[in-house]
Structure formats: C-alpha cells, structure tokens
Amino acid sequence: DAGVTQSPTHLIKTRGQQVTLRCSPKSGHDTVSWYQQALGQGPQFIFQYYEEEERQRGNFPDRFSGHQFPNYSSELNVNALLLGDSALYLCASSLAAGGSYNEQFFGPGTRLTVL
Amino acid sequence: QKEVEQNSGPLSVPEGAIASLNCTYSDRVSQSFFWYRQYSGKSPELIMSIYSNGDKEDGRFTAQLNKASQYVSLLIRDSQPSDSATYLCAVQRGAQKLVFGQGTRLTINP
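So the protein sequences, as listed, match chains B and E.
Oh and the first sequence: position 45 is 45 in my numbering, straight run, nothing missing.
Heads up, my numbering is the position in the second sequence plus 115, with the first residue counted as 1.
Be aware that a few hints might be false.
[Claimed, not checked] Simulated pairs of lysine-lysine, BS3-like, Cα-Cα distance not exceeding 25 Å: (1) 117/E <-> 182/E; (2) 13/B <-> 182/E; (3) 182/E <-> 171/E; (4) 117/E <-> 26/B.
[Unchecked claim] Covered, in the sense of this in silico footprint (three residues per stretch, anywhere, with C-beta under 8 Å from a C-beta of chain B), are these stretches of chain E: (5) 148 to 162; (6) 211 to 221.
[What the hints assert, rightly or not] Distance ranges between label pairs, derived from CB positions: (7) 182/E <-> 97/B: 42 to 52 Å; (8) 222/E <-> 41/B: 14 to 24 Å; (9) 17/B <-> 184/E: 41 to 51 Å; (10) 137/E <-> 59/B: 40 to 50 Å; (11) 65/B <-> 209/E: 20 to 30 Å; (12) 161/E <-> 60/B: 15 to 25 Å; (13) 211/E <-> 22/B: 16 to 26 Å; (14) 184/E <-> 101/B: 14 to 24 Å; (15) 132/E <-> 60/B: 37 to 47 Å; (16) 18/B <-> 184/E: 41 to 51 Å; (17) 59/B <-> 131/E: 40 to 50 Å; (18) 156/E <-> 17/B: 17 to 27 Å; (19) 79/B <-> 127/E: 37 to 47 Å.
Worth flagging that the hints you see were computed from the coordinates, not collected in a lab.
Glycine included, every Cβ here is placed at the ideal spot set by N, Cα and C.
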C-alpha cells in the first residue's frame, strides 16, 4: 500500500522566484491538504483540495496557490518567494467519506530554502 | 489565546517510566483529536486518534480526552529511547483543517 509521496525532497531557490511542489496521496484517498512547518513550530494549514477544488484555505497570501488533478495528486505553487517562505512543506492525504473520522497522513515533506 | 496549546518542553523522562504529554484547545466544537510523533528532520507520523470522552489505548500509548475541560493528553508507558521525539497535538472540526500545537519535545534518558 503506497503511502503519501512528495517531490522534490529538497529545493533551494532565490528570492522572487517561483516554485512548484508535488504530492501523490495515499492509495484510496481523495483529499489533499498542504501545511507549512517552520523550524520549531507546529504545521500551519495552507489549503485543502477535494474534487479538484480548493475546499478550505488558511491565512496564507495569494502567492500560495494549488491544484488537484483527476487522479487526486496535487501541486502547491508559491510565487515571488520571500526569505520567510523557507520551511518544510507537508502534504497530507485523507478520505473525505471519513467525515468526522478524518485521519490525515503526511508525506515526507519538501524542505524549501529561499536565499 | 492560541487555538491549541502544548508545553514546548523539553520533557525529560527516564527509560521505563510513564511520559505524560498534555494539550488544551479553545474551539469547543472541535470533534476530532490526534497525536502525531515527529522525529527530527522527518514528517509527522499519526500515532493516536480519539473522538469521544475517555481513554483510548493502543499498545504502550493511551490517549485521554475531556471535552468539558477542553483537554487532551497522551500517556506513553514503559518509555523507550526510541520514543524521544516531538509530539504534536492536533485538533479538527469536521473533515477540515488540522490545527496543531507547537509540539512538546520529549527525551527518554537511558
């Protein structure tokens, strides 16, 4: 049973550049959530995708955008990178039909460094 | 007031003892509660979920939920050095976002 996968593992960019991160959910899952985790902090919710639409969004600027494909995989795009965007970006997958019993499983993450 | 609060630690416990981790939350309509373990440099791993008041046991782990007091805890019995990690408490309303505490760093001393 394949777990959640993310690519790339590490990424180094310079300020002002754009980045795309990718995620494939756990087999059988249809919902993808993205989180940003700064060093020493808990993950912060960016947004969640279900049925190819953004279902919920956290307090992140419009520079952060996403997409979900028909096969449930997802991309996170960040434009005009700032130094403060340096963080571990986590993708979590879940099954919408779980309702309130909605366990989210995380991928290995992408470590983004902005110089 | 933060939505989910945890003592950041570090919490130091001798090997074989019980480690007790605590979490409080502010949203009274929260329905689902989770504990994740995160090793340094790795991603969070789900270790316990709890939805009803009371205790839920899984091996050496016991999660406790008290919705009236808005309090969730995790007990780790017979602590092992491999339990040394950061433990994240997460709270959820419906099938929506997880709201995390900042995590408690736990060290098990041999």
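Going down the list of hints, with the structure as the test:
1. 117/E <-> 182/E: holds (17 Å)
2. 13/B <-> 182/E: Roughly 44 Å between the alpha carbons, so the hint for residue 13/B and residue 182/E is violated.
3. 182/E <-> 171/E: With Cα atoms ~14 Å apart, residue 182/E and residue 171/E stay inside 25 Å; holds.
4. 117/E <-> 26/B: violated (31 Å)
5. 148 to 162: holds (count 7)
6. 211 to 221: Our answer is that it holds, as 8 residues pass the Cβ test (under 8 Å) against chain B, meeting three.
7. 182/E <-> 97/B: 42 to 52 Å: The hint (42 to 52 Å, Cβ to Cβ) is violated, given that residue 182/E and residue 97/B are roughly 24 Å apart.
8. 222/E <-> 41/B: 14 to 24 Å: holds (19 Å)
9. 17/B <-> 184/E: 41 to 51 Å: This hint holds: roughly 47 Å between Cβ atoms.
10. 137/E <-> 59/B: 40 to 50 Å: Violated: the Cβ-Cβ distance is about 26 Å, outside 40 to 50 Å.
11. 65/B <-> 209/E: 20 to 30 Å: holds (24 Å)
12. 161/E <-> 60/B: 15 to 25 Å: holds (24 Å)
13. 211/E <-> 22/B: 16 to 26 Å: holds (23 Å)
14. 184/E <-> 101/B: 14 to 24 Å: Given range 14 to 24 Å: holds, Cβ gap about 22 Å.
15. 132/E <-> 60/B: 37 to 47 Å: holds (41 Å)
16. 18/B <-> 184/E: 41 to 51 Å: Holds, since residue 18/B and residue 184/E (Cβ atoms, about 46 Å apart) stay within the stated range.
17. 59/B <-> 131/E: 40 to 50 Å: Once the Cβ atoms are compared, 43 Å apart, the range 40 to 50 Å for residue 131/E and residue 59/B holds.
18. 156/E <-> 17/B: 17 to 27 Å: The hint (17 to 27 Å, Cβ to Cβ) holds, given that residue 156/E and residue 17/B are roughly 24 Å apart.
19. 79/B <-> 127/E: 37 to 47 Å: holds (43 Å)
The structure does not agree with the numbered hints 2, 4, 7 and 10 stated previously, though it agrees with the rest.
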